[in-house]
Structure formats: C-alpha cells, structure tokens
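The listed protein sequences correspond, in order, to chains A and E. For the first sequence, our numbering begins at 18 and goes up steadily by one. For the second sequence, our numbering begins at 18 and goes up steadily by one.
If you are wondering where the hints come from, they were derived from the structure by calculation, not from laboratory data. It is possible that part of the hints are untrue.
Said to hold, decoys possible - Below are the EDC-like pairs computed for lysine to aspartate or glutamate, each with C-alpha atoms no more than 16 angstroms apart in a straight line:
(1) A:88 to A:34
(2) A:55 to E:56
(3) A:48 to E:23
(4) E:83 to E:208
(5) A:104 to A:167
(6) E:199 to E:167
(7) A:48 to A:89
(8) A:199 to A:167
(9) A:48 to E:56
(10) E:48 to A:221
(11) A:243 to A:68
(12) A:303 to A:163
(13) A:47 to A:34
(14) A:47 to E:23
(15) E:55 to A:56
(16) E:48 to A:23
(17) A:156 to A:56
(18) E:48 to E:68
(19) E:115 to E:196
(20) A:115 to A:56
(21) E:47 to A:196
(22) A:88 to A:200
(23) A:52 to E:196
(24) A:83 to A:114
(25) E:47 to A:23
(26) E:104 to E:192
(27) E:30 to A:23
(28) E:104 to E:142
(29) E:284 to E:23
(30) A:290 to A:23
(31) E:52 to A:56
(32) E:92 to E:221
(33) E:115 to E:169
(34) A:30 to E:23
(35) E:83 to E:221
(36) E:303 to E:257
(37) E:106 to E:208
(38) A:47 to E:56
Bear in mind the structure is a predicted one, so any value in this text is a computation, not a measurement.
There are 2 protein chains.
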Amino acid sequence: MHTYLDCLPCFLKQALEAARIAGVDEAVQKKLLNKVLKEITRFPLTASPPEMGRIIYRLVREISGKDDPFKEIKKRSNQLALNLYPKLKKRVRNSEDKLLAAVELAIAGNVIDYGVKNSLDIEKELEEILGGDFPSANKKIFEFEEFRNDLEGVSSLLYLADNAGEIVFDKILIEELKELNKEIVFALRNEPVINDALKEDAYDCGIDKYARIVSNGSDAPGTILKFCSDEFLKLYQNAEMVISKGQGNFEALSTEKGRIYFLFKVKCPVLAKDIGCELGSMVLKKAGFSNGVNCRPTSDE
Amino acid sequence: MHTYLDCLPCFLKQALEAARIAGVDEAVQKKLLNKVLKEITRFPLTASPPEMGRIIYRLVREISGKDDPFKEIKKRSNQLALNLYPKLKKRVRNSEDKLLAAVELAIAGNVIDYGVKNSLDIEKELEEILGGDFPSANKKIFEFEEFRNDLEGVSSLLYLADNAGEIVFDKILIEELKELNKEIVFALRNEPVINDALKEDAYDCGIDKYARIVSNGSDAPGTILKFCSDEFLKLYQNAEMVISKGQGNFEALSTEKGRIYFLFKVKCPVLAKDIGCELGSMVLKKAGFSNGVNCRPTSDE
Numbered sequence: 018m019h020t021y022l023d024c025l026p027c028f029l030k031q032a033l034e035a036a037r038i039a040g041v042d043e044a045v046q047k048k049l050l051n052k053v054l055k056e057i058t059r060f061p062l063t064a065s066p067p068e069m070g071r072i073i074y075r076l077v078r079e080i081s082g083k084d085d086p087f088k089e090i091k092k093r094s095n096q097l098a099l100n101l102y103p104k105l106k107k108r109v110r111n112s113e114d115k116l117l118a119a120v121e122l123a124i125a126g127n128v129i130d131y132g133v134k135n136s137l138d139i140e141k142e143l144e145e146i147l148g149g150d151f152p153s154a155n156k157k158i159f160e161f162e163e164f165r166n167d168l169e170g171v172s173s174l175l176y177l178a179d180n181a182g183e184i185v186f187d188k189i190l191i192e193e194l195k196e197l198n199k200e201i202v203f204a205l206r207n208e209p210v211i212n213d214a215l216k217e218d219a220y221d222c223g224i225d226k227y228a229r230i231v232s233n234g235s236d237a238p239g240t241i242l243k244f245c246s247d248e249f250l251k252l253y254q255n256a257e258m259v260i261s262k263g264q265g266n267f268e269a270l271s272t273e274k275g276r277i278y279f280l281f282k283v284k285c286p287v288l289a290k291d292i293g294c295e296l297g298s299m300v301l302k303k304a305g306f307s308n309g310v311n312c313r314p315t316s317d318e
Numbered sequence: 018m019h020t021y022l023d024c025l026p027c028f029l030k031q032a033l034e035a036a037r038i039a040g041v042d043e044a045v046q047k048k049l050l051n052k053v054l055k056e057i058t059r060f061p062l063t064a065s066p067p068e069m070g071r072i073i074y075r076l077v078r079e080i081s082g083k084d085d086p087f088k089e090i091k092k093r094s095n096q097l098a099l100n101l102y103p104k105l106k107k108r109v110r111n112s113e114d115k116l117l118a119a120v121e122l123a124i125a126g127n128v129i130d131y132g133v134k135n136s137l138d139i140e141k142e143l144e145e146i147l148g149g150d151f152p153s154a155n156k157k158i159f160e161f162e163e164f165r166n167d168l169e170g171v172s173s174l175l176y177l178a179d180n181a182g183e184i185v186f187d188k189i190l191i192e193e194l195k196e197l198n199k200e201i202v203f204a205l206r207n208e209p210v211i212n213d214a215l216k217e218d219a220y221d222c223g224i225d226k227y228a229r230i231v232s233n234g235s236d237a238p239g240t241i242l243k244f245c246s247d248e249f250l251k252l253y254q255n256a257e258m259v260i261s262k263g264q265g266n267f268e269a270l271s272t273e274k275g276r277i278y279f280l281f282k283v284k285c286p287v288l289a290k291d292i293g294c295e296l297g298s299m300v301l302k303k304a305g306f307s308n309g310v311n312c313r314p315t316s317d318e
C-alpha cells in the first residue's frame, strides 16, 4: 500500500507518542519532531507507510539514546496475553470449528498495537474479545474457506509476526496448524521497533516449541522485502504459504501476489478506505486484492 | 494558549482538509503540505495555535488561487442556521431564564467549525441541540451568575464572532442583550479564513439590525491582537466588556485579563486538557484562568 497524504499527520503523531514513551523531555520531543518533519517532506508517497515507520523509530532510538523504548510495554503485553492463554485455549477447544476459532483469535489479538492507537486499553479490549462472538458484520473480507482449502495443499508455512502480546494469540493458531501437521517458521523483526515482537518475545511466549524462530533481518514495522536479510528472503521465496499478521505487514506486502494470507484488524481509516471495509473490521484476505487481481502462485514465485 | 506539540500533527491535518475543500489535486495538496511542514518546523511553540492557522490558510489561498475556499460552506451554514432561527427564538421565548437560554444556544452554535472537525454532521448536531437540554455535566466551567452580574454594570459590549452559521446563534444572544439595553459592536475577521464569519455574513444574517458590524482587521482564525487593526484595538481597549466566541478566539486571548467572557464548545483534546474539562464541554469563563488568576478589570485596562 502506498502512503496517503492522510498518513503524514499520523507519522508526526506516532513520532510524538514514541518520544513520550521513550521518556525524553519536551525540548527533545520537539527536536525529534523537527527531524521527522524534514523526513516527511522528502518521503516518497510511492513507498509504504512502514518505510516511514522505520525512519521515525530509528530517529526515536537515536535521539532518545534508548535502544528499545517499548521494552517494558512489550513485556507487559506478553505477560497479559500469556495470562489469557488458558482462556484462549479453552475457547478454541470448545469451538465446533477449531481452526476458525484460532484464526479469529489470531486476528483479534492484533488489537495490541501501540503504533496505531495510543493509550489503547488493551486489557479491556482483550476481555471483550473473550466475552463475545465475532459478528459477521465485522468480517466483510474474510476468505476463510479459501484459506482452509489452500492450507490443505501445503506441508509448511512462513508466519510473519507482528506485535508483542499478539504473538500469544498467534501461538494458539500455530498450535492448531501443528495439529494439521504443518511445519511453521515464525519470523520476527530483527531490531526493536515500536512494540513489534522480536525473537526474544517468541521464546518468552514459548512459541519455539511449535515453530522455528527466525529474524527477518530488518527493523521496519512491516515486512519490507528490500530491507530483509538474504536468509529471510530465501525462506519467503520458497514458502509454500505465508501468513502475514497485522497492518504493517499488509501495508508492506499488499502488492505481492499469491500464496500470502493477510490477517489483521483494521485500525486506521486510511487503510479501511484503501481496502473498502469498516474501521475495526477483522480481515482475512489472500494477496492480490490491492491491484484487483487475486493471482495464484506459479512455480517460480 | 501556547501551542502544544500535539497541535503540530493537527496543523498538517487541517492544511490537508483545507486543500481538499479548495479542490486542488493531490500534487498541489502535497506541495501545500511540504510548505506547511517547513512552517511548522520554525513555528515557535510560545505562539498560539491560530497564529499557525493564519499561516496555513494564507498558504491554502496562495497555492489554490482561491480567495475563499470555504465560501459555499459558509453560505450553507448561514442558511442552515437561519432556517433554525424560528426554533431557536421559540426555545428562548419559552425559557424561564431567557438570558441563560440564549447564552447556552450561543455556545452550542459553536459546533459549526470546520477548522477543528472535518465532515462534521452539522445539521444532525444542531437538531440535537434543539431536541434536548444542556446537561450540567457538560458545563463544568460555566460562570453564568458572574457573567450576569458583570453584564448589569455595563452599557455596551464588544462581541468577537467566530464562525459562519454560528453567528445566527450569536444573533439570538445579541437580541437578548439588546432587550437589556446593551449597545453591541460585533467584530469579525477581515479576510476569509476557514469558515470564520466575515462582515458580509453578519449582514446576510441580519445582525446589523442589532449591532454595529466591524472588522478586526486580521485574517487569523482567532483574535490575535498584534495582527488586528488600530481601529479595532481602540474598540477592544475601550470595551466595557467583551464576549469572545469560539476556541480560536480563546486560544488567542487566553492570557488576557479581566472583562472578557469566553464562550465556546471544547472541540479539541489539547484544549480540554489545558483548561481541565472534558471534550464536548460548554464553557462560559471569565478571562484570567489560564494563568490561574481570575483578575478583575482595572480602570486602565
């Protein structure tokens, strides 16, 4: 997804929010914003929003001198989600369609995102998730049957992680995929950016029991292929199927085709308009819809 | 009120919104945003937000080549409010306390503001105003008795207008003030800025029947004294009492003392925090509270 003009004010807002979380004083916040203003001016709108995210959070790290301003937030998110884990498992266990229930939870877990919404009352939202059903009105783009069918034809998957905390919800889905005898590679950002999960988060949440944990080699808040490591790109190119979690990964990969399923909650009005659904929607969509073509993978893809 | 860092993303958002209303294409919108980004970088936070508003809307006029991009919106707002006028009058007529009812309506009319909230469903909000009461929970800062008392001691008032459409609600209050034998001078912006009312709007809404219509000599979306004409400043300095409508006028004059009453709806979270009340509150407040001192006017003020 390219960057919209509406993204520009939001970049500034995210930078300010991050500077505050990094705990720097107002003069330093202003210094950061001035640098971000300059970067926004020269940022090409053809690039995807996470490309600016990468620039912003590099500046935050550089100016605050803090390598990982969201470290505590990530730890808390993981712990919060791990506390919910038994309830999440129970919900899946009691479902008629376990795969569907696990997919829904994995998408619902995407509410844990400090990059989009500040002061999000995560705990409250998560409790709501567990309390109710997922109404079909919220699932306008939800290609579950196609997902299930495609899944049958593959023996392995590359799973692109998004946020700390959310990965516990991913773990639930990964466990179901393991039940279906799929081999999973779970890929995370290489360096701290916002509250995006790192390899250490995957280990902390015990995902290494079910999947091979790898880094994508990049510090962008979205899988921007040109910034990923060769090692990761090999995995990506050879993957039988890809599960891509979150808006950042969608924005970075939306022009890719074929064997990728995007799972995310729509948390931004610009993206909602781009894909043609409501804010708050749960999306499960195969790649190829951003350019109107839902292409099947070919052997050399 | 000084400019907060949170205002900076909002400046950018307002510029984009105005460029769209001016009907320029995306390339021109980007050109405008780049200029605004540069201006934001050098804008001193000690200045009040309407000072940046003045810069932004000058750029919008310059780049779009349109002298008054909000002209049609203003006309529609005036007409919409004029259509409601009989209902507004009836509401005041049926009230036990006519002055209070007129003050409440004048504040409620401040919802008509394209500078703060885009795509505001004005018509719906206005209908709601007419349908219900104004709950006291929304009036935490509402110094009506002090206002009424101060009013008794004066024979004339300077009334600082805010938006088109809203001025019909002001007209209702002005009529009540005339009933109390007050002479009114009604001051408006000198040049188009957002949907702020101009002299022509005051005439179109028939306010000249009840008040002397003057310009403040400035094109800022708030009464920034250093940009006002000498003629206006004389009126301001000699005014027995000032009624200041809207957030822009409040932001510009909040450090002034004494004889000014600010009437506005709180439409921005930064301002809400600054004055310590909820978003959506109706405020009636005497000047002097921004610095914690509610000063009485002195003879040389």
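Tested hints:
no. : hint           : in the structure
1   : A:88 to A:34   : holds, 15 angstroms
2   : A:55 to E:56   : holds, 11 angstroms
3   : A:48 to E:23   : holds, 14 angstroms
4   : E:83 to E:208  : holds, 12 angstroms
5   : A:104 to A:167 : violated, 29 angstroms
6   : E:199 to E:167 : holds, 12 angstroms
7   : A:48 to A:89   : violated, 24 angstroms
8   : A:199 to A:167 : holds, 12 angstroms
9   : A:48 to E:56   : holds, 15 angstroms
10  : E:48 to A:221  : violated, 47 angstroms
11  : A:243 to A:68  : holds, 10 angstroms
12  : A:303 to A:163 : holds, 8 angstroms
13  : A:47 to A:34   : holds, 12 angstroms
14  : A:47 to E:23   : holds, 10 angstroms
15  : E:55 to A:56   : holds, 11 angstroms
16  : E:48 to A:23   : holds, 14 angstroms
17  : A:156 to A:56  : violated, 36 angstroms
18  : E:48 to E:68   : violated, 21 angstroms
19  : E:115 to E:196 : holds, 10 angstroms
20  : A:115 to A:56  : violated, 46 angstroms
21  : E:47 to A:196  : violated, 51 angstroms
22  : A:88 to A:200  : violated, 30 angstroms
23  : A:52 to E:196  : violated, 56 angstroms
24  : A:83 to A:114  : violated, 44 angstroms
25  : E:47 to A:23   : holds, 10 angstroms
26  : E:104 to E:192 : holds, 15 angstroms
27  : E:30 to A:23   : holds, 7 angstroms
28  : E:104 to E:142 : holds, 15 angstroms
29  : E:284 to E:23  : holds, 14 angstroms
30  : A:290 to A:23  : holds, 11 angstroms
31  : E:52 to A:56   : holds, 13 angstroms
32  : E:92 to E:221  : holds, 9 angstroms
33  : E:115 to E:169 : holds, 15 angstroms
34  : A:30 to E:23   : holds, 7 angstroms
35  : E:83 to E:221  : violated, 22 angstroms
36  : E:303 to E:257 : holds, 14 angstroms
37  : E:106 to E:208 : violated, 30 angstroms
38  : A:47 to E:56   : holds, 14 angstroms
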